[in-house]
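Engineer: Residue strings, one per chain:
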Amino acid sequence: MTVVALPKRGFIDSLPGGPAVTQGLAWARRYPLLPGFVLLFVLVIPAIFANQIAPHDHRIGDLDLVKRPPAWIGDKIVEQTVVQKQDRRVARQGEITLSSATRRMKRGTATFLEGGGDGTVDVGDKLRVVIRQGGTWTYPLGTDKQGRDILSRLIHGSRVSLTVSVLAIALGGGLGVILGLLAAYKGGITDTLIMRLVDIKLAFPSILLALVLVAAWKPGLLTVIIVISVLLWARYARVVRGEAISIMNRDFIDRAQVAGASDWRIMARHIFPNLMNTVVVLATLEVGHVIILESTLSFLGAGIPRPTPAWGVMVADGRELIVAAWWIFFFPCVAIVLTVLSMNLMGDWLRDKLDPKLRNI
Amino acid sequence: MQRYILRRSAQGLLAIIVISMVVFALARVTGDPTQVLLPDEASEEQILQTQIEWGLDKPLHIQYFVYIKRLTRGDLGNSFKWAGVPASELIAERLPATVQLSAFALLISAAIAFPVGVLVAVKKDTGIDYAGKMVAILGQSAPSFALGLILMWVFAVQLDWFPTSGRGGLSHMVLPGVALGYYNVAALMRLTRSSMLEVLDTEYVKLARIKGVSERRVIWKHCFRNALIVPLTYFGLIGAVLITGSVVTETVFAWPGLGALVIEAILARDFTVVQAVVLLFAFTFILINILVDILYAYIDPRIRYS
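Going down the list, the protein sequences come from chains W and C. So for the first sequence, numbering that gives the first Met the number 0 puts the first residue at 0; every next one is plus one. So for the second sequence, numbering that gives the first Met the number 0 puts the first residue at 0; every next one is plus one.
FYI, nobody ran anything at the bench for these hints, they're computed from the structure. Among these hints, one or two may not hold up.
Reference listing, derived: stretches of chain C covered by chain W, where coverage requires no fewer than 3 residues with Cβ under 8 angstroms from a Cβ of chain W [stated by the list, open to error]:
id : stretch
1  : 9-18
2  : 118-130
3  : 147-156
4  : 241-253
5  : 261-268
6  : 272-280
The C-beta atom is built at its ideal place from N, Cα and C for all residues, glycine as well.
Put together the whole structure using the sequences plus the hints.
Structural biologist: Here's what the structure looks like:
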């Protein structure tokens, strides 16, 4: 563990409870607190307690409240003059057709500014039109085109990201570790075969392989997990093999062999524990990658199917409404970027602590 | 050197063969294309006839050999979705758009990454350096579809500086180009920075400074040229990243290139087109990798012996 300079003893320490503050500051410098908090509150806690903390049902929306903006955005009001007919090719903000003005009057989203003395809408009247109603705190991040609460969907979506990353990394990482160990330990033809396979895998653009694989089976959670783990194993295998070979040169391996330990026992009990740091660092560094892959697949329509609120699916839903309702695509994007960013920072920190050698991969 | 080139080429060829097998096998288990091709009420006979017509009644390995035989004659097969149009024609039609966009993205990456990389190296440990690092980390944390959509929202929808999508003049290329190139900017910038720092620390740079060479000349003439070697070899890999990225970026910006084509084909289960495009991508990807490796081995002879 590296020694981190503590803040100088000074004013704070003279206060009651001061040393604790100083300690806290030192602690804050030593650990990646911010990324940690973000991960906890954007990914882990929402995923575990989704049913408890989601304010609304993420599956059923309120059709009276579709495409509501986030709470802090007020009504969008424009002044419009009533015209008989609007040229569709040059739709002007300042004009409204007679028919739609009458309709809006009935619904109460338009009021008279000028004219309208007779109570009916005529050509030439000026209206104050609420073209988009503001948000409410009932739906803090707004609603989508089916009136579903975006916050609740984001919360449930974190489940998908967490499940996919944990399982895909466990599966792909496990496979990679086993193959890497085998390649290092057995050597010869096994080694050549496995490493050639790694080369071929790494020579193939991963998103393309994932797309073809998902399309080959049915899109779904399980398919996505398996496909992503197929993409992940090669890197593990390569790194683990390299590490394992250097460990095998050490004396205790020879002694275990002389003592009559079986191959599997040596791999599992003598080599693997020494690889733990590497494996943990690789796993953390890969989480961001996995979340990006999963959301990209879902975005392209070849990942998690609707109506599961995976973040990528939510972005795809919001894409067509980018002009009218930016919040539908924007918040899931923020969730993805925040999670991946924090995970990468966390991974970097962990790597520097546990296994600085991995800096170059 | 010759042996090294030969070995790398053989490896590449092997990879291509394996990939062609994998893609072929996968495309065939995607589901029966006759179901997509024919209307629901098609009779048994019609289905059978279509299967014979497309050669789908033969065993898988025979189908593969027929496929390879045709491939060597340059025949990539006909599309199911686009009413029998040869896949090669579809590719020829879409290829220019992808090449254009990728070249533009490459240009943007280089134009931004090199100067900024030099700047942050010279201003090491200052605010500029940290800002550069932040931008780079952020860039590598955003999936390209999110980045593309955010760019589209800010610069096309809100500011109305560029068109939202489609292919047209230069203005159509800016947003997809930036979205596609951004990831590379981050990586290239970091490489340029670290290799600049290394060169800035050498004896001959110190000597140049002692001799009184102007700082600008030291940085651009003495350092930058030597620092370029590492990022330049990486430049080839960027081609590979661009291929992968084009699939997503072209879909986001409705850019009529190969990436968008492959997505359409996958969703429509048009496996001849999928195979053709994937093979082309894989081939380009592998070719670029080999060229980069050879270039690298040429620059740094130690590589060859490892």
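Engineer: Going through the earlier hints one by one, which of them does the structure break, listed in rising order?
Structural biologist: Hint 2 alone not satisfied by this model.
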